[in-house]
Amino acid sequence: MEATPSQPPAAAPDPVEERDLIRRAQHHDTAAYEELIRRYHPRIYNLLYHMTSNREDAEDLAQEVFIKAYAALDRFHGASSFYTWIYRIAVNHALNFREKRRHHAAELRLDDMDQGVERDPTFVELRARESPFRDVTVNELQKKLNAVLQKLSDHHRTVVVLHDIQGLPHHEIARIMKISEGTVRSRLFYARQQLQKELAEFAP
Amino acid sequence: MKCEAAILLVGLPEADPRAAEMRAHIRACAKCRAMVDHQNNVRALFALKRYEQPPAGFSERCAAQIRLAVEQRAVTPLTWWQALGEHWDATVHPARLAAAAVLLLVLGLYFLIPTAERPTRAIAAGSAAGAPDLWAQIHLEPATAPATAVAIHPEPAPVIIAADSLPLLMAGSNNAPLRMDYGPGAAVPVKFEY
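Protein chains in written order, with this note's numbering: chain B, 1 to 204; chain P, 1 to 194.
Just chain B, same shape as in the assembly (with noise of 0.2 Å):
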């Protein structure tokens, strides 16, 4: 009943080769950890981008996020995936970050989107359509994504960033997030229909 995301998540790192890394990197064997970043820093980098639309905000809590992480490992015994745990904690420092800028003004920068979206199919559909969407660029429509979803609440935002953005499916949220997967359904319809709201002349 959901369209199918047009670009599938990376595909999960070998779980064991993984475990022995984990294993190392809390013997603190730098170069072990650094595999670990390697692996995770594209994504926990554009989870912490699209919760704070700014890319020098993105990169200092993804550094802080690793830092973070590399202190905890201690703590951490397998009763999830590293995945997981890693998301759980860049999850909550994006909140804990939006929570203290709360009360400054918002500070929304346009940083270019790769070329490649205007050869996505979606693009191309979109762009093929009888709508405002035929002569929106690539940066107008960045901008405008940008800026509603800022508008939702953190807990709405995550969950668009996580499945709509990041595709990971509703019980892996669940789990990053530690709420029901129903609970992860009725934030995301409720989350849709604010930013279809927003979006109408995009998205009718």
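Hints are computed from structural coordinates only; laboratory data are not their basis. Be careful, since some hints might not be right.
Pairs of lysine to any residue residues, derived as SDA-like cross-links and limited to a Cα-Cα distance of at most 20 Å, are as follows [claimed, not checked]: (1) B:144 to P:105; (2) B:143 to B:55; (3) P:2 to B:197; (4) B:178 to P:100; (5) P:31 to B:190; (6) B:197 to P:36.
Covered, in the sense of this in silico footprint (three residues per stretch, anywhere, with C-beta under 8 Å from a C-beta of chain P), are these stretches of chain B [what the hints assert, rightly or not]: (7) 40 to 49; (8) 59 to 73; (9) 135 to 147; (10) 151 to 160.
For each residue, glycine too, the CB sits at the ideal point set by N, CA and C.
On the provided structure of chain B, position chain P as indicated by the hints.
Chain P in isolation, oriented as in the chain B frame:
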């Protein structure tokens, strides 16, 4: 299945027993189908944001900075309060911290404020030290109803009638107690303390 229930089940895995019923409802309900289409349009738009990638070389730069921070940490280990702070930040939600703080505050109020005002400890301590026993000076009598009061004080007494003379306060003093009228033949003496 109702529309509200069906729409919130969109995205259920195939294996879920409710999935078939949800799909059947949405196939049959034009309103729900339109809503699902809107939801999918929004989802497709936001899926385009996947193309936003970190700047070139950022991963390497970030890894180098993290390595530096990790090495510095190895040289200067965290103090216990820094470690505690990091643990909380990584694993404890701020709302839980706030709830814990409120609980501590409530417990603090419960144990501290009554202690300051509780008479029993002071009296017990005073009695033990030879001070007058305040409890011994306190005796309670059962409350008496007006009818009983008439039986106890059967003698006739001046009665103040509210319609004739206003205020009880103007009609007597502590030395000459007044009587309050409860009806024919029913009056009790009253005394005002100022």
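A quick look at each hint next to the structure:
The suggested pairing of residue 144 of chain B with residue 105 of chain P is violated, with an alpha-carbon distance near 45 Å, which exceeds 20 Å. For the suggested pair residue 143 of chain B and residue 55 of chain B, the alpha carbons sit about 13 Å apart, so the restraint of at most 20 Å is met. For the hint pairing residue 2 of chain P with residue 197 of chain B, the CA-to-CA distance comes to about 24 Å; that exceeds 20 Å, so the pair is violated. Between residue 178 of chain B and residue 100 of chain P the alpha-carbon distance is near 19 Å, which keeps this suggested pair within the 20 Å criterion.
Of the supplied pair hints, the one linking residue 31 of chain P and residue 190 of chain B holds, its CA atoms being roughly 16 Å apart against a limit of 20 Å. Taken as a hint, the residue 197 of chain B and residue 36 of chain P pair is honoured in the structure, with Cα atoms around 14 Å apart against an allowance of 20 Å. Closer than 8 Å: that is the beta-carbon criterion, and the stretch 40 to 49 of chain B has 5 residues meeting it against chain P, so the requirement of 3 holds. Given as covered by chain P, the stretch 59 to 73 of chain B passes the check, having 10 residues with a CB less than 8 Å from a CB of that chain where 3 are the minimum.
Three residues within the 8 Å Cβ limit are the bar, and the stretch 135 to 147 of chain B against chain P gives 3, so the coverage statement holds. Interface restraint, the stretch 151 to 160 of chain B with chain P: violated (1 residues with C-beta to C-beta distance below 8 Å; minimum three).
Figure legend: structure checked against the earlier numbered hints; hints not met, in rising order: 1, 3, 10.
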